[in-house]
Amino acid sequence: MVKTNTPKFIKHFIMNRKGTAEVIGSVLFIIILIFAFSNIYLWHDNATKTMNTLLSDKLNSQIELHWLIDDAGKETSTLIVTNTGGISTSLSRLWIVTTSGVHRYANLESANGNSFNIAAGNTVTIVLSGTTSPTNPIPASWTGSEATVSFNKEDGETFTILTTLGNMASPKGLIKIVNSGGGGGGGTAPVGSVIVADFQTFSYYPVTGQQNPNYSIDLNNPLNGYSIQSTGKDVSFSVVLTNNDPNKRTINLNAYSQCSS
Amino acid sequence: MIMVVMVGMSILFGALIVYSDNFHSGIGSSVLESITVEDVYFRSSTPNYVELTLFNTGKVDLKVTDVYINGQMATITAPLTIAQGAHELLRVTPSGSTFTIGSHYNFKIVTARGTGFEGTYIW
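For the protein sequence lines, the chains are S and G, in the order given. The first sequence begins at 5 in the working numbering and counts up by one. The second sequence begins at 7 in the working numbering and counts up by one.
Rather than coming from a laboratory, the hints here were simulated on the basis of the structure. Don't be surprised by glycine CBs; every beta carbon is placed ideally from N, CA and C. Warning: the hint list may mix true and false statements.
[What the hints assert, rightly or not] Computed footprint of chain G on chain S, listed as stretches where at least three residues anywhere in the stretch have a Cβ under 8 Å from a Cβ of chain G: (1) 19 to 30; (2) 147 to 160.
[As the list claims (entries may be wrong)] Facing chain S, a subset of chain G residues (Cβ under 8 Å, in silico): (3) I17; (4) F19; (5) I33; (6) D45; (7) Y47; (8) R97; (9) E124; (10) I128.
[To be verified] Simulated pairs of lysine to aspartate or glutamate, EDC-like, Cα-Cα distance not exceeding 16 Å: (11) S:K78 <-> S:E26; (12) G:K65 <-> S:D61; (13) G:K65 <-> S:D49; (14) S:K157 <-> S:E79; (15) G:K114 <-> G:E124; (16) S:K78 <-> S:D61.
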């Protein structure tokens, strides 16, 4: 017979079965509690990260919309869509509110996943041609970087483009496609209007007096620039101009600069 | 006694699993909901109403249950389920008032999970 030197109180502790169920229950309860909390927390954390990524993608795929102008400076029926963000995006719909207030749309995404994509920093065109469609959706097709929407554009209509990430944009102004020339590697590149006028600030001031330097301009009383009453007389107007040169070069305007429309 | 504890803990574990699943598919998924109101079309018929074209840009399917216009609950034809990435049209009729051209209207779209999406539009 082997006699161990285990103290008596330890033997008693090991051999005592009282409270075993409570101990097991407490341990299991704590394990289940930790499992439940960690399960919900980790799932919620993952869901939040997913939405943060979605929001980040949305913020990084902003688009701009401009009307293309021809060489004569006239607005055409072609929309230029530029992805100004850092990740690619797809166009979802082009919404058109007609002059009679009817809302129409053209689908720019198809069920088979053949979406109209715009790579980061790239430009695509949407050509409006055809007849005004009486029903939704307006027929549309696209290949490469050009889509055609069967719609006859008229003055007074409003256009809004929607991306698959939920970004929306309306035309900001006019844009001209220029040839960048052989020195820059050839090809075409879009440039925005170099000087942009904010016509929300367009005001005119009545001019009295005859010929410079006898003019007198009442700068304290600007009038609405869209309803000039005194026709046939000299007028003075003000409008906030923004230098929109992507290369941020300085544009100098002086007394010899001319404004034309 | 040990058997009672084991059975009790099994029931507790099962209940927590059910609760967790319900949380994931229910109110927990509210963070995954996102709606873009892509078009607001005020219609001048009598009674006048507005057609909201909604785009589900979230990561889960959602159900629009209520719409409030300027804080007043409006009438919708029926709860509208919008699948992920789908566009749906929701017809909303103001209750107790009519739309006026040139006025601002604040729309609050509420989903079954309790998420609210707000936007102000002008007729």
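Okay, the hints, checked on the actual structure:
1. 19 to 30: Since three or more residues must qualify, the claim that chain G covers the stretch 19 to 30 of chain S holds, with 5 doing so at under 8 Å.
2. 147 to 160: violated (count 0)
3. I17: violated (11 Å)
4. F19: With Cβ-Cβ at 5 Å, under 8 Å, it holds.
5. I33: The hint is violated - I33 of chain G has no Cβ within 8 Å of chain S, the shortest such distance being about 11 Å.
6. D45: Check passed: Cβ of D45 of chain G comes within 5 Å of chain S, closer than 8 Å.
7. Y47: With a minimum Cβ separation of about 5 Å from chain S (threshold 8 Å), the hint on Y47 of chain G holds.
8. R97: At about 13 Å, which exceeds the 8 Å cut-off, the nearest Cβ of chain S leaves the hint on R97 of chain G violated.
9. E124: violated (15 Å)
10. I128: violated (13 Å)
11. S:K78 <-> S:E26: violated (86 Å)
12. G:K65 <-> S:D61: holds (13 Å)
13. G:K65 <-> S:D49: Cα-Cα ~15 Å, so holds.
14. S:K157 <-> S:E79: Roughly 11 Å separates the two Cα atoms, so the pair holds.
15. G:K114 <-> G:E124: holds (4 Å)
16. S:K78 <-> S:D61: Distance of about 35 Å is beyond 16 Å: violated.
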